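S.K.: The chain contents come next:
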Amino acid sequence: MTAQQLLTGNAAAAWGARLADADYIPAFPITPQTEIIELLAQWSAHGEVPARFVTLDSEHSMLTAAGAAAAAGARVFTATSSQGLLYGCEVLYTIAGWRVPLVLVNVSRALASPITLEADHNDILAARDTGFLQIHAETCQEIVDSILMGYRLAEDEQVMVPVLVNLDGFTLSFTREPVTLPSPAAVAEFLPAYHPRHAYIRGDKPMAQGTAVLGGAPYSYFRYQQQRAQDNALTIHQTIAEEFALRFGRRYDLVESFQLDDADYVLVMSNAFASKGKAMVQWWRTQGRKVGLLRLRVVRPFPGAAIAAALVGRKAVAVFDQNIAPGSGGILYPEIAAALYHEPRRPPLLSVIGGLGGKDISAGEFEAVFQHLERIASGTTVIGPLLLYTQQERDRVRTLLQIAGKELSA
Amino acid sequence: MTSPTSPELESIQTLKQIAREEFILPGTSICGGCGGLEALRLAAKVLGPQTVFVNAAGCFTLLATFPYTPFKGSWLYTTMASAAAGAQGVRDALDVLMARGKLPAKDDVEVVVVAGDGSTYDIGLSATSGAIFRGLNFWYFCYDNESYGNTGMQMSSSTPYGARTATTPVGIHSQAGTEHGKKDMFEIWRAHRPAYVATVSPRFPIDLTNKFLKAKTLRGAKLFLAHAPCPTGWLYDPERTADYARLAVETGMFALKEAVDGVVTHTYVPRRHRPVEEYLQGQGRYRHLFEPTRNDAALRQIQDQVDRYWAGVHETTGAAR
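These protein sequence lines are chains W and A, in that order.
Read in order, the letters of the first sequence are residues 1 to 410 in our numbering.
Read in order, the letters of the second sequence are residues 1 to 321 in our numbering.
Simulated from the structure, these hints should not be mistaken for lab results.
Since the model is a prediction, treat every value here as computed from it, not as a measurement.
Even for Gly, the Cβ is constructed at its ideal location relative to N, Cα and C.
Misleading hints may appear alongside valid ones.
[Unchecked claim] Restraint-style ranges between C-beta atoms, simulated for each label pair:
hint, chain 1, residue 1, chain 2, residue 2, range
1, W, A377, A, T151, 49 to 59 Å
2, A, T151, W, E374, 56 to 66 Å
3, A, G135, W, E38, 31 to 41 Å
4, W, L117, A, A242, 30 to 40 Å
5, W, S409, A, F66, 49 to 59 Å
6, A, G135, W, A185, 32 to 42 Å
7, W, L400, A, Y309, 33 to 43 Å
8, A, L62, W, G405, 52 to 62 Å
[Stated by the list, open to error] Cβ-to-Cβ under 7 Å is the rule here; a few derived chain W residues that face chain A:
hint, residue
9, L6
10, D23
11, H60
12, S61
13, A74
14, G97
15, L181
16, H198
17, P206
18, A208
19, Q209
Put together the whole structure using the sequences plus the hints.
M.R.: Set out below in structure tokens:
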């Protein structure tokens, strides 16, 4: 049985957990993620899922309970957003170090201050170095599929690392899209029940987990093991992607190439706004402009080789960061630049920042980026980051500032 | 939340009835004379081998230092603030795995939080409050040495009035050292209506053993505050741990009590309390109350507080003084 339904991104995430047959779902509400846990709570209450659903007292507790349950041998799903991800950040490092598999969905929402609700990626990228794998989804379908692939990846003996699946708040969390839900039987073949071999708590096989180490040598050894696990995940992801494509007919690579074959110019984007970029690429193509798009999907491990392969030889590349590291610029830009550094035919790069706090990226802004790319390709040096903002937005904020008795600063 | 899981276990009357088998083996990196470890050792004799100790950052985190563990049972170090949430995750996981036929019931374990007072009284209180509120069936063992001991004896909200710590030094503006009184964790816990809450002392092993035996018959949160004399932090000779543990109780500064479903019983009431000075004197953390000059006001305040506490106890129980 394969059913297609109109699902929000949040409902798709809940279905991912349901199809994965999770044993345990610790939860804590936060906008815009809450619909996920509400759905799971309902299903659990009605006996539609066998999972135990428990509301914790904070994300810090929630993530500890999630990791501890995984350390006890259960298949665990949980979800959060934004401030919640940061509130639990200590625990992200902790449970990644425990080397326990679980899937955590983050519904991206910009960080305070100022406090707001709509998406950007400073939350998920703050978890960049925690040791979690990260898969960033563009569509509601991809959310379900990435959760299922995420469990396979997390539970692989060569990986044994928790996975974060990211989706954008509002733009995806509350947007209904047609989603094909695979049958539970088909999922069970792709993702069999979890039989813990490395992390469990049992009366007959006592084990100490999360123990202290003294000195740099054992500490470094275990940290290097995390690096190795992420390296392994690059290859294993591709094996899983092939099997997933064979079983379900949808193929997900580490990165997605869109109209790249003959592209002179490339936009590098991620998450839901990549759909906006793709729409622009299609429009530019009707104008005879050779533009393509590279969508970052697996962000940890960072697929540097795949990115370099997609970008070498292009006339110019714009890296869109929907985040800002004040004092530096975009967070992903230097990672892309590093991936290209050793390539003799590396393209000139433009760092672009846009879409903060859910701000739209308009056709006009994409057009401005394209004009910059043409100038760069013809030898002009453009020093980024380019901070996208429209005249209309400027006027709107000027009005707000006037009400607050302030003037627009330069 | 209380519902018996097994018939009332026989309470013991003599030391010889305490199990000889050890479940926490010697040779750890914990300080000699640690009162907290002695209390945990006695508790483990009741808990048995099928346990998982879920730990918060503190002195006892060093008990399991890779690749060694002194425990016959399992161990999971979490964070400083969320050991009770870790217990929640483990308990829930074991329950759901058993319910789904993925774990045989014989391999179930007792889930025991082990945390110091810094975690218990301060940073981890919210997580513990949540676990008790949710009716989690677990044990909580706080080794209370009345300070952030592992970091070198800084004030926690368990540090008693008059004790000097590294962050409450004695000076012109604070002649008592710590000016706050100790947070009343027993009452804070009891206000949650856990199945069981008790104080225990390593120098009162029969009382301690009987409390763990009683709690073993109950489902829900089973919470213990263990008085943990600390030679390293309180500045006395390690061989005197047993003396200070006993004096804390005999002076009435540390009351041995329990509450089942919220009803408090004092399990040991000395016929006559000894003066608090007998407990305070000789501990380096209280030395400034005696030298170079006696701080009579502070000493009176400590004695008055103890007297007031016990006057209240006698009033409610109607016991003769």
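S.K.: If a hint holds in the structure, say so; if it doesn't, say that too.
M.R.: Hints and how they fare:
1. A377/W with T151/A: 49 to 59 Å: holds (58 Å)
2. T151/A with E374/W: 56 to 66 Å: Because 59 Å falls inside the window, the suggested range holds.
3. G135/A with E38/W: 31 to 41 Å: violated (22 Å)
4. L117/W with A242/A: 30 to 40 Å: Distance hint for L117/W, A242/A is violated at roughly 59 Å.
5. S409/W with F66/A: 49 to 59 Å: For S409/W and F66/A the Cβ distance comes to about 54 Å; the hint holds.
6. G135/A with A185/W: 32 to 42 Å: holds (36 Å)
7. L400/W with Y309/A: 33 to 43 Å: violated (58 Å)
8. L62/A with G405/W: 52 to 62 Å: holds (57 Å)
9. L6: violated (31 Å)
10. D23: Constraint on D23/W satisfied, holds at 5 Å.
11. H60: Status holds, d = 5 Å.
12. S61: Where the cut-off is 7 Å and the nearest Cβ of chain A is about 3 Å from S61/W, the hint holds.
13. A74: Interface hint status for A74/W: holds (4 Å vs cutoff 7 Å).
14. G97: violated (10 Å)
15. L181: Constraint on L181/W not satisfied, violated at 23 Å.
16. H198: Given a least distance of 14 Å, the restraint on H198/W is violated.
17. P206: holds (5 Å)
18. A208: holds (4 Å)
19. Q209: holds (5 Å)
Checked against the numbered hints above, the structure breaks hints 3, 4, 7, 9, 14, 15 and 16 and satisfies the rest.
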